[in-house]
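*Asks:* For reference, the chains in residue letters:
Number of protein chains: 2
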Amino acid sequence: MQQPQRIVIVGAGFAGLEVAKALGKAGIDVTIIDRHNHHLFQPLLYQVATAALSAPDIAEPIRRIVRRYPSTKVLFGEVAGIDRDGRRVLLSDGEAIRYDVLILATGSVPGYFGRDDWAAVSPGLKTIEDARKIRSELLLAFEIAERATDPVTQERLMTIAIIGGGPTGVELAGSIAELSRYTLARDFRNIRPESARIILVEAGPRLLPAFSEKLSEYAAERLQRLGVKILTNKAVDHLSDGELGIAGERIGVGLVLWAAGVAASPLAREVGVETDWLGRLIVDDTLRVRGEENIFALGDVAHFADADGRPLPGLAQVAKQQGMHLGHSLARHLTHGDALVPFTYRSRGNTAIIGRHAAVFEQGRFKVKGWIAWLAWAIIHIYLLIGFQSRVLVSVQWLWRYATYDRGARLIARETTPKARPGPKAASRKRKRHEKT
Amino acid sequence: MQQPQRIVIVGAGFAGLEVAKALGKAGIDVTIIDRHNHHLFQPLLYQVATAALSAPDIAEPIRRIVRRYPSTKVLFGEVAGIDRDGRRVLLSDGEAIRYDVLILATGSVPGYFGRDDWAAVSPGLKTIEDARKIRSELLLAFEIAERATDPVTQERLMTIAIIGGGPTGVELAGSIAELSRYTLARDFRNIRPESARIILVEAGPRLLPAFSEKLSEYAAERLQRLGVKILTNKAVDHLSDGELGIAGERIGVGLVLWAAGVAASPLAREVGVETDWLGRLIVDDTLRVRGEENIFALGDVAHFADADGRPLPGLAQVAKQQGMHLGHSLARHLTHGDALVPFTYRSRGNTAIIGRHAAVFEQGRFKVKGWIAWLAWAIIHIYLLIGFQSRVLVSVQWLWRYATYDRGARLIARETTPKARPGPKAASRKRKRHEKT
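Just so you know, the sequences run in chain order A and B. Heads up: the first sequence begins at 51 in the numbering used here, then just goes up one per residue. Heads up: the second sequence begins at 51 in the numbering used here, then just goes up one per residue.
Please note: incorrect hints may appear among the correct ones.
For identical chains, the list gives no copy identity; a pair is met inside one copy or between any two copies.
[What the hints assert, rightly or not] SDA-like mimics (lysine to any residue), calculated; alpha carbons at most 25 Å apart, straight line: (1) Lys-264 to Ile-301; (2) Lys-183 to Trp-448; (3) Lys-417 to Thr-385; (4) Lys-123 to His-386; (5) Lys-183 to Pro-173; (6) Lys-183 to Glu-128; (7) Lys-123 to Asn-240; (8) Lys-75 to Arg-117; (9) Lys-183 to Leu-390; (10) Lys-183 to Gln-92; (11) Lys-123 to Ser-245; (12) Lys-183 to Ala-463; (13) Lys-183 to Arg-85; (14) Lys-176 to Arg-256; (15) Lys-183 to Val-418; (16) Lys-176 to Ala-463; (17) Lys-71 to Arg-239.
Everything labelled a hint here was simulated from the structure, so no lab data went into it. As the structure is a prediction and not an experimental result, all values here were calculated from the model.
Next comes chain A alone, as it looks inside the complex (with noise of 0.2 Å):
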């Protein structure tokens, strides 16, 4: 390969960005194409969720990121297809844009085991808009608590159930406990809302399984001493508007979220390569995929296998280092002809957020929790964020709440309308007492 080529990436999350700014500070033209105007800064979602942080905290306009570059141009669309044998990324819009060298960053959508009808009544958390609307739900399910009378109703409305035990569910449930117990505790007058029931449930025999038995149980006993029912070995089998099915039991639920599992992009299979499991693309250790001379894949879209043969998790060091070492590799293959370079992890250790002071991390034999690891965890967040704006509101606000317990951020979108969650015999019965007001 020789300049100039048509390089073009998808996605701009934390490998498709690391890969335009290390082919941008080389000088080579690329064009970055995302449906999203902004890149997200993912690990502090569930905090909008749970309407701790506003959205625009956590995302980034990708074009002032990589601003500074003149050779690279962001192209804000949506890919819908790939034509392989055309060179062509297809957009949703009817555009073709050619490519020489195809870069996929395009990350990961919740996965639901082949149950995709489980999607509209179980969220999952990727984008601005999922936590959006999450957080609209929830708030939601006790406004429609407080304005029920009979307490089979208000019970169930306050049940939030998480399905999913690893660190997504872990901060999910923990955020969720905090919010009712301490932010909306004296908001309400006909609810305690912390009295709410937070369910986490986990299919395998303990949370956080990419994390040693000790943190584990840590994690666990944390999150209990904040209310929550932690349901280990439950498989779900059933789930619909309002009620969760586990292990034949039925639980009437106000909200599911999903954190069980997740799929590569779609947009992998368009590829028309083979993929792993969970629709991944299979890469060498050039992250390249494979038998594709020009199309490389990486981050959660990517299955690159370790020295043990296991491909590499779902994480944002690990997108973030695939993307730096393909954005140089790249480069010094454009510009010099040198042969690209087999990829190397080196993992910067786990973490996972229960609450306040309580975190878990692991690195190897290295192990801690508590509240020096929720110092470094939020430390490191706040430094990994990009732009300081961010960083300076998100201080701020973190601040704020460690020192009120209270949240900035409780908004409900209009859009999410409050006569719209309701069951039928809840309505009734709250028609009978506003009756009576």
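Given the coordinates of chain A, work out where chain B should sit on it, guided by the hints.
*Replies:* This is chain B only, laid out in the frame that chain A set:
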């Protein structure tokens, strides 16, 4: 009237909230109904629409504001009608809430002088949803222009018209001009955002008609320095998607915003009594609706005649003063049997912001302009924002923007898809270009 009375307030804007707070302080039972869960600090809404602030920065949960008053109930629901004879407020979900005293504080909506078909192509700015929509469409116009190739289409997309030269129109024009000239300037490759045409159309002879001529001239001069084209004595006679007609001439536009007029909230009509030319309820000097014993109206939905017989303007300070007044007057009436007290408006001065360092302030003969007015405006608005957190966050964001011209909330909502906007000509031209890429 004697306690216990069922007091219902509809609307938690500046007016309704002040009534609720005053009655809450007096320990009187009251229900405040709003179709949003938040109180909105409307004077800063244009900053959300122009990507300078996040929506949650200027929205505060109503429950949180009144939580210290145990006798105050918040009902999150939409009022669809009023059954005056049955003394019931009818909610859109079918419920009915009985009242003995009804206080209407439902504010205003954009008013199109009978041209309601213009609402779809020229959004006004009243709610968080309006602001987010305008922000998305504004940023989207530049994104689509970036992808267009023919200069005519680009010029059309980058023509933003604002109809109405009052404070809102001036603030929008100034803020959009700064956004295009400073914030977006370096972020695009094919267009020069700083060359965007911002047109401010005013049907009357000058901008800011409520201010003195000297300050009007200053505002016009400052806006022109920012590149805003001002058309006075020009009435809009045509509005369609992408086209604006002024005094017989047609101008291609990327976006038209409506700041030319407001009308009372449609709920005013539901009372079934006489309203003025803007649909406002005519109230006596105690804010009681004319001819009604137990219905009050205040803020933008009320027509309160001043000493000269002219209605008070639709300003936050009018709403707030009326709310505080009615709250105290009604509390004494209900608890001590005192007669209702006539309301007197005390103007704290009018202000409008044009841009960095540029604002006008006028109170009677006292007039200020320039950076002193701007600083006073900034301090006052931060102070007025409800909730300490918002104040801190907004201060930080303003300081940041002041130092860098940067904006933190440049988020295009995914609901607004890029393919939805360009006209048929633009789309075909774009495709041609990308085929060549």
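*Asks:* Evaluate each hint against the coordinates.
*Replies:* Hint check results:
no.: 1; hint: Lys-264 to Ile-301; in the structure: neither (30 Å within a copy, 69 Å between copies)
no.: 2; hint: Lys-183 to Trp-448; in the structure: within (22 Å within a copy, 28 Å between copies)
no.: 3; hint: Lys-417 to Thr-385; in the structure: neither (43 Å within a copy, 63 Å between copies)
no.: 4; hint: Lys-123 to His-386; in the structure: within (23 Å within a copy, 71 Å between copies)
no.: 5; hint: Lys-183 to Pro-173; in the structure: both (9 Å within a copy, 23 Å between copies)
no.: 6; hint: Lys-183 to Glu-128; in the structure: both (21 Å within a copy, 20 Å between copies)
no.: 7; hint: Lys-123 to Asn-240; in the structure: between (54 Å within a copy, 9 Å between copies)
no.: 8; hint: Lys-75 to Arg-117; in the structure: within (11 Å within a copy, 53 Å between copies)
no.: 9; hint: Lys-183 to Leu-390; in the structure: neither (42 Å within a copy, 45 Å between copies)
no.: 10; hint: Lys-183 to Gln-92; in the structure: both (16 Å within a copy, 23 Å between copies)
no.: 11; hint: Lys-123 to Ser-245; in the structure: between (51 Å within a copy, 20 Å between copies)
no.: 12; hint: Lys-183 to Ala-463; in the structure: both (8 Å within a copy, 12 Å between copies)
no.: 13; hint: Lys-183 to Arg-85; in the structure: both (18 Å within a copy, 17 Å between copies)
no.: 14; hint: Lys-176 to Arg-256; in the structure: within (24 Å within a copy, 49 Å between copies)
no.: 15; hint: Lys-183 to Val-418; in the structure: neither (34 Å within a copy, 45 Å between copies)
no.: 16; hint: Lys-176 to Ala-463; in the structure: both (18 Å within a copy, 14 Å between copies)
no.: 17; hint: Lys-71 to Arg-239; in the structure: between (52 Å within a copy, 16 Å between copies)
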